[in-house]
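Could you build the full structure based on these sequences and the hints that come with them?
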Amino acid sequence: MSTFSGLGTALSSLIAQRQALEVSGQNVANANTVGYTRQRAALASLPAATVPSMFSTTNGVGLGTAVTGIERLGDVFLDARLRNETSGAARLATVATEYKTLESTIGEPSTTGFSKDLTNFWNAWSDVANSSGTTANRSVLLERGKAVADRLGTMYEDVATQWQQALTTTTSLVTQVNTTATNVADLNTRILAITNAGGSANELMDQRDLLVTQLSGLVGASTRTNADGSVDVMVAGNALVSGGSANALQVAPSSPKSFQGAVDGGTVSIQWAKSGHPAGLEGGTVAGLLTVLAPEADGGVLTSAAAELDGIATEIATQVNDIHQDGFTADGRTGIDFFSLDLAHPAKSLAVAITNPADIAVSGSATEEFDGKIGEKIAGLAKAADGPDALWSAFVVDLGVKSASATSRATVAEAARATASAAQLAQTSVDTDEETVNMLAFQRAYEGAARVLTAVDEMLDTLINRTGVVGR
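Note that the sequence shown covers residues -13 to 458 in the working numbering.
Hint data in this document are derived by calculation from the structure and do not stem from the laboratory. One or more of the hints may lead you astray.
The calculated label-pair distances, taken between Cβ atoms and stated as ranges, are [unchecked claim]:
| hint | residue 1 | residue 2 | range |
| --- | --- | --- | --- |
| 1 | SER186 | ALA234 | 25 to 35 Å |
| 2 | THR165 | GLU8 | 29 to 39 Å |
| 3 | SER244 | GLY386 | 22 to 32 Å |
| 4 | GLU268 | THR165 | 19 to 29 Å |
| 5 | ALA371 | VAL398 | 31 to 41 Å |
| 6 | SER244 | SER351 | 46 to 56 Å |
In this text, all values refer to a predicted model and were calculated from it rather than measured experimentally. Cβ coordinates follow ideal geometry from the N, Cα and C atoms, glycine included.
This is the structure we're talking about:
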């Protein structure tokens, strides 16, 4: 061992403690940076010098310390848990939001909703039945009928608009997924180049993890870490990102472009752009939107609502017309329809077929002009077990139950996601108190190394300048 080895030992400590202090400074600087994972300088003791020859000796004392690397204190299991919970929460939140929007469109229960329009319509029939010769009451009845038809048509168009907006959002999100996947692949390439050169790519890994979590929320992505430090991003078992290359998704060209296409049974689907195979999304916002966009046969939220509106429109027209056709006008005409509609598009096409109040058939007999029996019978549909009101109430209740269930499931899923996020942050986030203590420890260690350096310097000064002076 050389007398000068103590200088090397002290120097190694000075360098190592300074580097560790810099890492703590980096942590503190990024304490509020989204996605940042705290880091730690890995210190290792340098072993004693080996014996170069049979005549050399060593006292076995090590040669100091060195920073062997900058560790990134993440946890792959906590990351995977967060991505899984994010995937499910995003899908359920999307469905719940669409149900809320649909409930807003239906607007029930309310004192100004469709149920009120129906009540006003039946009351108008009752008024006409009680005073069938009054033109004013007949005119009011026509307006009440138009209000019923218009409200159904408006609700149907609002549902169609919501569907179209969901499709537009889906297309936009798929584009975002492809862009994000390309960015992840680019980061994989950069990280690999830096690590192969012996550098630290921790900050780039933070950026990559943040993007992967976004993909989890969009399409339910998961990851597979490779030995070279790159990650493969998987969607339903297939690689969206593999190393430095990214695959693209697309809305299938065969998907319906309009709400009517979905009503007719068309399915909006996501496929791999290159192969055309279905992507089979199971989680994320896009998967939730596909549930909303699905045809009625597959439980589509909006197409099922549209089918209910069509059914109610058909029942209103059928039940009212069946009774009205048996009635007689003041001049003895019969067989007249009160409502008209296109059976292919009932809710959109429902309309009052009568324009002249005199064409309303209120009497049940050609010889009794003002008996009002037909009007009373139509007014009685309000309380019929299978009447339009009963159908509407059943639809509103069913929608409310489904919406509440979707909201409840979304709330539970969000709580699970928040718990997973908190667990991950507890591992990866910066604790400024802890970093303050670490900085003090590194500072004291640096001071100690400097003191060792001073002591060795004094020893060497004594040896060099104060020995061998006898006889001078």
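Hint check:
1. SER186 with ALA234: 25 to 35 Å: Holds, since SER186 and ALA234 (Cβ atoms, about 31 Å apart) stay within the stated range.
2. THR165 with GLU8: 29 to 39 Å: 34 Å, holds
3. SER244 with GLY386: 22 to 32 Å: 28 Å, holds
4. GLU268 with THR165: 19 to 29 Å: Hint holds: Cβ distance 22 Å, inside 19 to 29 Å.
5. ALA371 with VAL398: 31 to 41 Å: 37 Å, holds
6. SER244 with SER351: 46 to 56 Å: For SER244 and SER351 the Cβ distance comes to about 49 Å; the hint holds.
Consistency note: the structure conflicts with none of the earlier hints.
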